[in-house]
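K.L.:
The residues making up each chain are set out below.
Protein chains: 4
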Amino acid sequence: MLTSVTTIPVRYAETDQMGVVHHSNYPIYFEAGRTEFFQQHLMPYPEMEKLGLFAPVLSYEVSIKGRASYGHTLSVETRPAWMKGVRVAISYRVTRDGLDVASGSTVHALVGADMKPVHPRSFGELYPMLTRAFAV
Amino acid sequence: MLTSVTTIPVRYAETDQMGVVHHSNYPIYFEAGRTEFFQQHLMPYPEMEKLGLFAPVLSYEVSIKGRASYGHTLSVETRPAWMKGVRVAISYRVTRDGLDVASGSTVHALVGADMKPVHPRSFGELYPMLTRAFAV
Amino acid sequence: MLTSVTTIPVRYAETDQMGVVHHSNYPIYFEAGRTEFFQQHLMPYPEMEKLGLFAPVLSYEVSIKGRASYGHTLSVETRPAWMKGVRVAISYRVTRDGLDVASGSTVHALVGADMKPVHPRSFGELYPMLTRAFAV
Amino acid sequence: MLTSVTTIPVRYAETDQMGVVHHSNYPIYFEAGRTEFFQQHLMPYPEMEKLGLFAPVLSYEVSIKGRASYGHTLSVETRPAWMKGVRVAISYRVTRDGLDVASGSTVHALVGADMKPVHPRSFGELYPMLTRAFAV
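Chains as they are written, first to last, in the numbering used here: chain A, 1 to 136; chain B, 1 to 136; chain C, 1 to 136; chain D, 1 to 136.
Keep in mind the hints are simulated off the structure, nothing from the lab.
Quick list of in silico lysine-lysine cross-link-like pairs, BS3-like style, CA-CA up to 30 Å:
{"no.": "1", "chain 1": "C", "residue 1": "84", "chain 2": "C", "residue 2": "116"}
{"no.": "2", "chain 1": "D", "residue 1": "65", "chain 2": "C", "residue 2": "65"}
{"no.": "3", "chain 1": "A", "residue 1": "116", "chain 2": "A", "residue 2": "50"}
{"no.": "4", "chain 1": "A", "residue 1": "65", "chain 2": "B", "residue 2": "50"}
{"no.": "5", "chain 1": "D", "residue 1": "65", "chain 2": "A", "residue 2": "50"}
From the derived model, a few chain A residues whose C-beta atoms are all more than 10 Å from chain C:
{"no.": "6", "residue": "1"}
{"no.": "7", "residue": "5"}
{"no.": "8", "residue": "41"}
{"no.": "9", "residue": "42"}
{"no.": "10", "residue": "46"}
{"no.": "11", "residue": "49"}
{"no.": "12", "residue": "79"}
{"no.": "13", "residue": "82"}
{"no.": "14", "residue": "83"}
{"no.": "15", "residue": "91"}
{"no.": "16", "residue": "96"}
{"no.": "17", "residue": "99"}
{"no.": "18", "residue": "121"}
If you want the ones that stay clear, here's a sample from chain C, every Cβ over 10 Å from chain A, calculated:
{"no.": "19", "residue": "86"}
{"no.": "20", "residue": "127"}
{"no.": "21", "residue": "130"}
Computed from a predicted structure; not experimentally measured. Glycine included, each C-beta is placed from N, C-alpha and C at the ideal position.
Please take these sequences and the hints and turn them into a complete structure.
P.N.:
In structure tokens:
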């Protein structure tokens with residue numbers, strides 16, 4: 001199973017008055033993980049956008065499993081979950097020194113620049129990479 | 001059913017290069033809705049924290065239903081979902097001119113300043129308000 | 001002197017582990033103030049962008065004068081500072097219950113959709129509003 | 001002159017509808033640079049906070065020099081500017097492939113946990129590191 005690991009040092013600005021990472025940062029950490037996954041196993045996401053294929057987030061979920069604070073360095077493990085027609089799902093696990101901090105997943109639409117659904121089959125070079133990554 | 005409505009003008013900084021609100025802002029909009037719900041129907045959340053009761057987010061989910069852009073004014077409708085022991089869930093609907101933009105929910109732990117679970121029954125003045133709001 | 005006042009409730013996500021508003025939020029509060037100033041005294045900024053006139057930030061400065069925390073409601077007072085050729089400057093004062101919280105200013109380029117400088121004189125309907133607002 | 005260089009991949013969430021990094025992110029990039037500078041040349045900032053010394057931002061300024069977009073990897077060069085009594089200033093230069101993207105500076109108060117000014121001389125182990133770094 002293809003996977004990527006992204007290292008993220010917690011920023012002071014990401015903490016809140018409880019002294020931990022505010023929960024709204026996890027979708028941003030997931031996105032950093034996704035960026036690296038695309039770069040390593042598909043194609044850099046900015047190049048995909050230049051080809052005219054976008055993958056906006058349709059829905060996502062986040063579970064907080066442990067405490068992350070300023071000074072911690074987090075790891076985001078990113079792996080494909082599924083691809084069905086014009087939708088793909090990706091899952092994430094955030095850890096610190098091997099301890100669970102958060103997990104979650106995102107579901108994306110595959111759309112053109114007009115935000116209308118587009119089947120990735122239309123993207124010759126990209127499609128085999130997608131089917132391999134998502135084990136379709 | 002108790003509910004509150006919070007008005008949120010989209011900020012330029014909240015948009016991304018697709019020209020819409022970045023999906024990581026919805027948990028922040030939910031939080032603004034939750035703040036107003038507590039203020040109207042329970043007690044201001046900062047006062048609850050001063051009493052020693054915190055409600056950190058354990059998990060949440062977000063579904064994007066429509067397009068929100070800079071210049072739009074959003075409404076966040078906040079309503080209690082359930083309360084079970086030391087956990088509560090709250091749900092949210094974000095609209096623009098009556099059109100669905102996003103929906104979602106958050107699950108919270110009720111904990112003391114030491115982040116250990118604490119039953120809201122220990123908070124004499126607050127407990128009846130909670131059971132009424134969550135229709136327990 | 002034209003001015004506008006914008007009300008901003010501090011969001012939990014905007015606090016940091018020192019228990020106050022993280023300093024990176026002030027340019028976002030300034031932007032909210034600017035949005036309201038444009039709406040009240042010039043034209044809604046999204047409409048200006050549709051006309052093909054953009055005002056990206058070239059530089060800005062922020063001074064922290066006092067403490068702002070979750071639960072506080074802030075006021076942003078926005079007023080034009082100067083307009084010279086294709087540049088304008090705007091200044092801001094953030095207060096809470098009349099007490100100073102922060103102040104600052106932004107300098108903007110006036111550019112077209114191609115990000116090349118464009119004199120506002122080219123925007124017939126807008127120019128008299130700008131000269132009046134900036135007392136040129 | 002002591003200096004540190006921090007690598008920052010631009011996040012999608014940091015872009016705005018103009019397709020570039022929103023200007024409010026630069027103080028956050030500066031902070032990431034500062035974190036690395038403290039770690040390399042002074043002591044990790046979280047340890048300094050544990051000793052009871054905090055360095056909240058009193059003021060800062062940012063100049064945008066060029067375009068940074070999603071897909072770009074930025075470098076933040078951090079160097080001390082000056083130290084006078086209970087205040088220090090730090091300056092930053094953000095580049096992409098050697099091209100200027102932004103520059104700026106921050107001024108900090110040195111305070112104790114009670115947010116009252118405290119002279120760094122009171123911190124035996126830290127003071128010689130500070131005077132060396134700031135070439136006082």
